[in-house]
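Taking the hints into account, I'd like the entire structure generated from these sequences.
2 protein chains.
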Amino acid sequence: MRMLIPALTASLALCLTPAMAKPAKAKPPAAAPQPPAVVAAALRDKALTDTTAWDVLESLTTEIGPRPAGSPAMTRAKDWAVAKFTALGFKNIKVEEFAKPSWSRGAESGSITGPYPFKLSIIGLGGTVPTPAEGIEAPIVIFPTFADLLAAPEGSLTGKIAVVTQPMVRAQDGAGYGPAGTLRRRGPSEAAKRGAVAFLMRSASTSSSRDPHTGGTGYVDGIPKIPAAALGVPDAELLVRLAARGPVTVKLNLASTTSATTVAWNISGEIVGSEKPDEVIVIGGHLDSWDPGTGAIDDGAGVAITTAAAKLIGDLPQKPKRTIRVVMWGSEETGGSGAAYLAAHKDELGKIIIAGESDFGADNIYSLELPAGAMKDPTFAALPGLFAPLKILLSQTPSTNGGSDTDEIHAAGVPVFALNQDGARYFDLHHSADDTLDKVDPLQMNQNVAAWASLLWLIANSDIDFRKVSAAK
Amino acid sequence: MRMLIPALTASLALCLTPAMAKPAKAKPPAAAPQPPAVVAAALRDKALTDTTAWDVLESLTTEIGPRPAGSPAMTRAKDWAVAKFTALGFKNIKVEEFAKPSWSRGAESGSITGPYPFKLSIIGLGGTVPTPAEGIEAPIVIFPTFADLLAAPEGSLTGKIAVVTQPMVRAQDGAGYGPAGTLRRRGPSEAAKRGAVAFLMRSASTSSSRDPHTGGTGYVDGIPKIPAAALGVPDAELLVRLAARGPVTVKLNLASTTSATTVAWNISGEIVGSEKPDEVIVIGGHLDSWDPGTGAIDDGAGVAITTAAAKLIGDLPQKPKRTIRVVMWGSEETGGSGAAYLAAHKDELGKIIIAGESDFGADNIYSLELPAGAMKDPTFAALPGLFAPLKILLSQTPSTNGGSDTDEIHAAGVPVFALNQDGARYFDLHHSADDTLDKVDPLQMNQNVAAWASLLWLIANSDIDFRKVSAAK
Chain A
1 MRMLIPALTA SLALCLTPAM AKPAKAKPPA AAPQPPAVVA AALRDKALTD TTAWDVLESL
61 TTEIGPRPAG SPAMTRAKDW AVAKFTALGF KNIKVEEFAK PSWSRGAESG SITGPYPFKL
121 SIIGLGGTVP TPAEGIEAPI VIFPTFADLL AAPEGSLTGK IAVVTQPMVR AQDGAGYGPA
181 GTLRRRGPSE AAKRGAVAFL MRSASTSSSR DPHTGGTGYV DGIPKIPAAA LGVPDAELLV
241 RLAARGPVTV KLNLASTTSA TTVAWNISGE IVGSEKPDEV IVIGGHLDSW DPGTGAIDDG
301 AGVAITTAAA KLIGDLPQKP KRTIRVVMWG SEETGGSGAA YLAAHKDELG KIIIAGESDF
361 GADNIYSLEL PAGAMKDPTF AALPGLFAPL KILLSQTPST NGGSDTDEIH AAGVPVFALN
421 QDGARYFDLH HSADDTLDKV DPLQMNQNVA AWASLLWLIA NSDIDFRKVS AAK
Chain B
1001 MRMLIPALTA SLALCLTPAM AKPAKAKPPA AAPQPPAVVA AALRDKALTD TTAWDVLESL
1061 TTEIGPRPAG SPAMTRAKDW AVAKFTALGF KNIKVEEFAK PSWSRGAESG SITGPYPFKL
1121 SIIGLGGTVP TPAEGIEAPI VIFPTFADLL AAPEGSLTGK IAVVTQPMVR AQDGAGYGPA
1181 GTLRRRGPSE AAKRGAVAFL MRSASTSSSR DPHTGGTGYV DGIPKIPAAA LGVPDAELLV
1241 RLAARGPVTV KLNLASTTSA TTVAWNISGE IVGSEKPDEV IVIGGHLDSW DPGTGAIDDG
1301 AGVAITTAAA KLIGDLPQKP KRTIRVVMWG SEETGGSGAA YLAAHKDELG KIIIAGESDF
1361 GADNIYSLEL PAGAMKDPTF AALPGLFAPL KILLSQTPST NGGSDTDEIH AAGVPVFALN
1421 QDGARYFDLH HSADDTLDKV DPLQMNQNVA AWASLLWLIA NSDIDFRKVS AAK
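So the sequence lines, in the order shown, correspond to chains A and B.
Position 364, counted from 1, in the first sequence is what the numbering used here calls 364; the numbers after and before it change by one each time, with no gaps.
Position 416, counted from 1, in the second sequence is what the numbering used here calls 1416; the numbers after and before it change by one each time, with no gaps.
All clues stand as given, with none of them false.
So the derived list for chain A, only partly shown, Cβ under 7 Å to chain B, looks like this:
(1) Thr62
(2) Gly65
(3) Phe118
(4) Ser208
(5) Arg210
(6) Asp211
(7) Pro234
(8) Glu237
(9) Arg241
(10) Ala433
(11) Asp434
(12) Thr436
(13) Asp438
Chain A residues, not near chain B, derived (Cβ > 12 Å throughout):
(14) Lys91
(15) Val129
(16) Gly222
(17) Pro224
(18) Thr262
(19) Asp278
(20) Pro317
(21) Leu349
No wet-lab data here; the hints were simulated from the structure.
Just so it is clear, CB atoms sit at the ideal spot from N, CA and C, and this is done for glycine as well.
Below, the structure written as structure tokens:
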């Protein structure tokens, strides 16, 4: 399933100068600093053959494994993050703790009990209530879409398990996740409102794997909380075919626990600016993950890409003028880390130049979005040449989404940018047991690092004020 | 993952005569019978848009589900087979019972217990002994290949779990299954001989899915029987990376039971020949399957393809001269059904013209192998034209393998043929939870039906004696 880019890599190999083929750790030359565009191009080319991102991701997924917020693994991940920032030469390493209620999966099983016994592939949605210890066994009612469930009268599902089998659309920009996520978040309460005793959905997945996909759900106050799980795609299709033939009963056993007293951490490290160290570019990925896989594409990759990009800049003899801060956010999957980040940094918001998160896997970036007006600023005059060999569009659409952990600071006035990744196969893997290291293509991940490093260099060595170009637009 | 063949289908649609676009059930015309090559071409073209194979496969995988020999599901499958043969107009329907010890999977789990807890994706190999109820927990030793395990001295694995992480090679003809199958069958005893307390192998799989692949293993007399399981490919890779960093311990719990008293059935139905009904062409697939999936590609597809091909012939106004017998073999996965078939048919072996089994999924057939000398017989003069639009090579290699359930009658003198399917993605799915209906491409399955139906017609309407052409060679 890997989409290799040998032609791209081969053509870029030609761009590597002899000087860049070696580590750039030698004593800085006495000559005058090179123009930003020249350094950015060298960073881009070096990134394509650098192993930092892979090494970070391999380390995280191997040594820590899955790391839900509030879990013992997340505590180990926090220590890992500090050690990794330290080893890679980051400064001002900070661990910012915040309160985070946590949810923990227990033993789970699901099966068809009639017309014949069959073991279903299921996974509880994040935050689901458990079933009673003896489980829940009930007839199912199939709804081809969420709209069909919404159209069912109240009371029509009394004593039934609602099964919504709406398929998810594959799209490069991930647009299929909108309706799938809505179903996952709202489905349980809408089913319960109509009398259902449990809720099942075809996984929010674009693959045909049996591995089901989890993800956060929630409950509306005043409506009974019913157990909620996702089905493997072939399992959902089997239920549809069986239900077309006659009554089907399903049994579910979900054990889960919650704790209101756990904590999470946003961990950060900096490449400190030489001229304007208090002007900060905030980037990063989220360190927490769902539990069935090892959080490689979601979002070890984002942590690895942004850490590697900043580290490549930190290795240069010439320091960036502004500070680049990498944040490993600590609770994206369960309620977000952005509110905590905003609370901890509300006094420096005016000094945050721009923010962006990498949180959509590690496949090639295909477009860049900047705040309104910024694309025409002289800061980015070199971008067409810089990004052409990486095959990245310079989007005319202003950036409005910097990644979910930046939402709160963005709402508080911080500009954001987006390096949009190709997400065509992201939802084959996302939130499932198959989110593992082997699914990441190192060549594509390095295309990401190349884009981040070269773009960061331009911004960090400019005086651009995104708030002003945006206002001028 | 589907490989569609729209161009092929479009070009073949042009071959459909108006007469063939309608069901051929109308009263036979008074005109003289058409030459075999003409009827074969019409069968081929009709097969490409016929839904019988899909309907059979959909029915089997939906109504019966997984069907290991000796299970209650296999008893339901036997009744399904009789009903399906009857509904499709087959004659001389027979249920041939034979004794079959059976093995049944119980609850299974595996986890890394050190350096940190991690739930592994595992599946017990078919026939494995169970662990003690409390499980087995032990340090692991990694062997990159089976040869590395064989090179380990006796006693060197005392108290350890042997983990062989040999990857499987993807090949169109399935050649990668040779070494993978050898490891699966011989690995447990070779590990036990060296003192191991359990055996784990990277799944015999060409995919990167977490879903592990089962399959039969066995034990050598006189060597301790140790529990044996397969690991999801990413799980095996994680163990390799962890073991490179330090000691790793794994805990396994496998529950399984065996019964020496169960039975299995080979079920058959016939399209009876008009001129030489006692000359029989034996084809089929196997009805039994492994338990994690629903046995769609292994081997519901083979059952569906051969049943549909024979049924299309049975629907013709003109009957074949020789009899076509479809066998749904009942125990391919656990010891084979061929010995029982040979025992039940030893008195008619001389009347079995040729035999062939479809047991490699439902992707396109790419080559035909016939017994030595047969390809040049006038019977097959029309084959180049018949098979060209289906894109099937006429192999110069004589057929020596007709499918595993035909091995015993072949060894007893029955000629065999092979319509070789493209198996490039077969081992992504085979013996895993992902062997489900959605993985079958109906267009490719119908290319199979077209090849089987047209070839069968040529053989059934000829006087060819494969034993003589082979001897003449």
